[in-house]
Amino acid sequence: MKKDGITLARKRQRNTNCVAAIFLAPVIILLIVYIFYPIVETFRVSAFDWNGISSNPKFIGLGNWVKLLHDDKFWTAFLNNVKVMVLSILIQIPLGIAMATFVEFAGKKATIFKILWFIPMLMSSVAIGFLFTYALATNGGIISSISQFFGGTNIDLLGNPDTALYTVIGVIAWQFTPFYMVYCVAGYTNVSKDVYEASVIDGANKRQYFVHIALPLLKPTLKSAAILSMVGSLKYFDLVYVMTGGGPSNATELMATYMYKLSFAQFNMGYGSAVAGGMFILISFISLFTMRILNGRKEGR
Amino acid sequence: MKKRMLKLAALTLSLAMVASLAACGNGGNGDSSNDQASGGDAKTEEDKVITYWNIGTEGADKEALEYAVNEFNKNTESGYRVENVPTQNDNYKEKLVVAMSSGECPDMYTSWSGGPMNEYIESGFAQPLDDLYEKYGLKDEFMDAALAQATYDGKLYAVPTYNVSLAGVFYNKEMFAKYELEVPTTVSELEAVCDKLKAEGITPFALANGPKWTGSMYFQCLAARKGGLEPFQSAVSGEGTFEDECFIYAGEKIQEWVKKGYFPEGVNSLSEDDGQAKQLMYQETAAMMVIGSWYTGTFPSDSPEFYEKIGWFSFPKVDGSDADASIQIGTIGDQFVSFNCTGEKLEAAFECASYYASEGAKNVMVEVGKIPPTKDAADLITDDVTKQILDAATDASSVQLWYDQYLPPAVAQVHLDTCQELFGLTMTPEEAGAKFEQAMEEYLAE
Amino acid sequence: MENGYKMTKIKSRIAWVIATFFAVAAAIVAITPFIFMVMNSFKEKFEMLTKGVFALPDKLDFTNYIEVIQGNFFGYFLNSVLVLAVSLIILLMISAFASYPLSRFQFGMKGLIYSAIVACMSIPVHITLIPIFKMSQSMRLYDSIWALIGPYVAMGIPISVFILTSFMEQIPKEIEEAAAIDGCGKVRMFFSIILPMAKPGLSTLAIYNGVNMWNEFIFAYTLTQSQGNRTLPLAVWEFKGQYSMNTPMIMSVLTLTVLPMIILFVFAQDKLIKGMTAGAVKG
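Taken in sequence, the protein lines are chains A, B and C. Numbering-wise, our numbering puts 190 at position 190 of the first sequence, and it's gapless, one number per residue. Numbering-wise, our numbering puts 723 at position 422 of the second sequence, and it's gapless, one number per residue. Numbering-wise, our numbering puts 964 at position 217 of the third sequence, and it's gapless, one number per residue.
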């Protein structure tokens, strides 16, 4: 009897494994072809001194990696990425929750806000880059005009190494906050209407409902939002490349822009690959580590 | 429940459709590969196509390029056909690197000579062309300076195409007349002009230094007028240094001018591509602009009326310096075509490029405000400003290609970065020179 | 008692006024750049530069739009729609498949596989260019829009699986257990219970990945070369050369590019997020 139970459990597990394998297969195949293979290739290339195009790369072993460890520019870029990451999480996610909560509480009337708020997400980086360079221009830009209106002077935000990075972070937040709004709106659908109605009957007001009921139920959504924002910020490229190209004085240089310039503009594919590899290791480590902390108890199971 | 199953069925069905659609796409490709395997004809057919990558997506570049390609395809007896593949400039170099690294380099491609072209040549993606130049008699056709910029290690590797572009000073003639200003011939006169403009509330120079190469032109001109080209060339070869007096002078002048307010506010964040420099010229809040002379095409294409107001002068000489003031910084040829094919195909491709030197192509270029890099350009050009620029180019004892194009790409990047820092006053000329020199030495050490 | 009720009511009204004020302010910040984009698309090149980017256009002139539409715009548009539709459907289907065992099963390599997929999120896109270019060449897909589908799907997988897994984990165990008692197998359980309940996650992903694919530039740029195979983000370059760019024309192209997305979002957002779940919960 007991033996039968074990075989049955085993059988069931085998069945589970089988179903899991079938369901996972397409994703795993695509990832191996399009992502694992390029990663392996990157690590391979990083062992060479190679301009990216010649047919005889020179093997230098760990040379590029040693250089990477001592490359101030890379670590400055990494630090910039960390700043982008911290501020993005602190700005985008709370704003996203606020917007989603407003939409959730206001109901149908707020649809128009949801649509208007979402527009930044839809615009292409080309247009955003163009309009913000003009809006941020020291002379005649919108920010400077506002400052002058209040009796201040012209402000050079993008050209000043002290403010450039924060300005870019602002623009990135402008573009990506809507995503976290939509994400939280979707998260709210998990907080079922019944719970809300029950809490209203119990006499809870909206603030209490939000703090004690909605927020805890949104927690899984927020955790994954934080991870997404983290990874997204650590490998960010687009707007920075369009708006500042990493300047002035490397103030906005990110790992991705640095890697891109090395690999494709400076004919240093070998070292560029080492930077890309370093990026990959750092980002994976940080995100997996954070995930483990956030899901601590569950992973331990 | 039933409804759900129906929905599901519909979804699966559409997925299947999509999959078959995708399969169709593959099928189409599969067919063509079958053709190739079965009939040798298809393969030779494909071999008879010369792929030509370039950046002629828009405006003047596009017109001259399409003229050359169309003429070739119409007239050639080689049996080859050139397929024109225009690509946006911004990521063009990256696209070339990706293709070359996969061994799929196009048969003909545009580059800007200098550092990157040398990399292409060293990696075996360009062919020497001296014999073909002889055969088509093109050596006498192009300006010597143009051929010099197409030369690597004593051999010709490219064909110059569109334009003669020098770094010089465009100025607003009307404003100069209004404020009773004379065209300056020395840097101190230039500074006097700037001071007067400044007193009138006008920004002397329109400059957008976001992309860095724009501000670098001021640096290059100042250094060349102070010390000629010798210091630069010996610094590149490793005998001299970028800490030479003339580079320090250039850095000091730039910083002096920044402090005096000769440049627009927030100059390092203005974007040249988005038109933030020329905008100041058009709004007449700035009076001068040191920029490549392709602006003889840019100004009239934006507004022919405004172009009437524009004059040009060569960068003034430095007081007390005995450097040859006829030296120019710029490119003679602008874009150069290199070839990655051999034998008959190379000859056909070269024939196509030779159409850039044809009467028709030259006329197209002149019409859109460009200067063909050919010896007879002077006979074709009627526009005064353009003529002046051409004269400066032909009178020049030598023309130095833009630093950022000429130098090895990694060194060029350091030059651009440090030069921008000079404008931002975040680095002293000495520090900038030392960093520049260090990058050069590192490159030479390899 | 009545007073207290009134007080809360007034308090809540004030809170709403403040919230609405911020909402309006946020909406203005969000759409101002869009409005300027549209405004500049009506200008002439020289007009934009002399009068400034933030001035009103002289006249409501559709010449730019007519020129754009008379070009190859519709060709690019169709390519974009086709690539988007195919890639998005494949991506959402297979991501949902993969998230199911990762969120609801217990099996040996689960942790490892999940971590590997999450790690894939950290890949910098540019390092995949050369390997994918080579693959497209050897699969004879280079210079066709089909070359884009593989990378578009693959680049969306890590984030999609990550989000969907987190959504599916939140579905209460009880529902599944009840179904299991009814004799529902694992595969049927996925299609009839888990998939419908994951719809809010799927719709978020449809929006997110859809927008990314619609604006995707770098793969479209490297993997195609002839005009017939270009997608919308490449349409811009007909107005951008080495030394010059016709910004108002580019703004027209970009406005026309973003418009379908906005229209789609306006009509679909309600259905996408709310409607689908409501249906699922009822069923």
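Worth flagging that the hints you see were computed from the coordinates, not collected in a lab. Accuracy of the hints is not assured; some may be wrong.
Which chain A residues face chain C? A few, computed with CB under 8 Å, are given here [claimed, not checked]: (1) TYR37; (2) ILE115; (3) PHE179; (4) PRO220; (5) LEU222; (6) SER263; (7) PHE289.
For every residue, glycine included, the Cβ atom is placed at its ideal position computed from N, Cα and C.
Next on the checklist: I'd like to know which numbered hints this structure contradicts. Please list them from smallest to largest.
Outcome noted: 5 and 7
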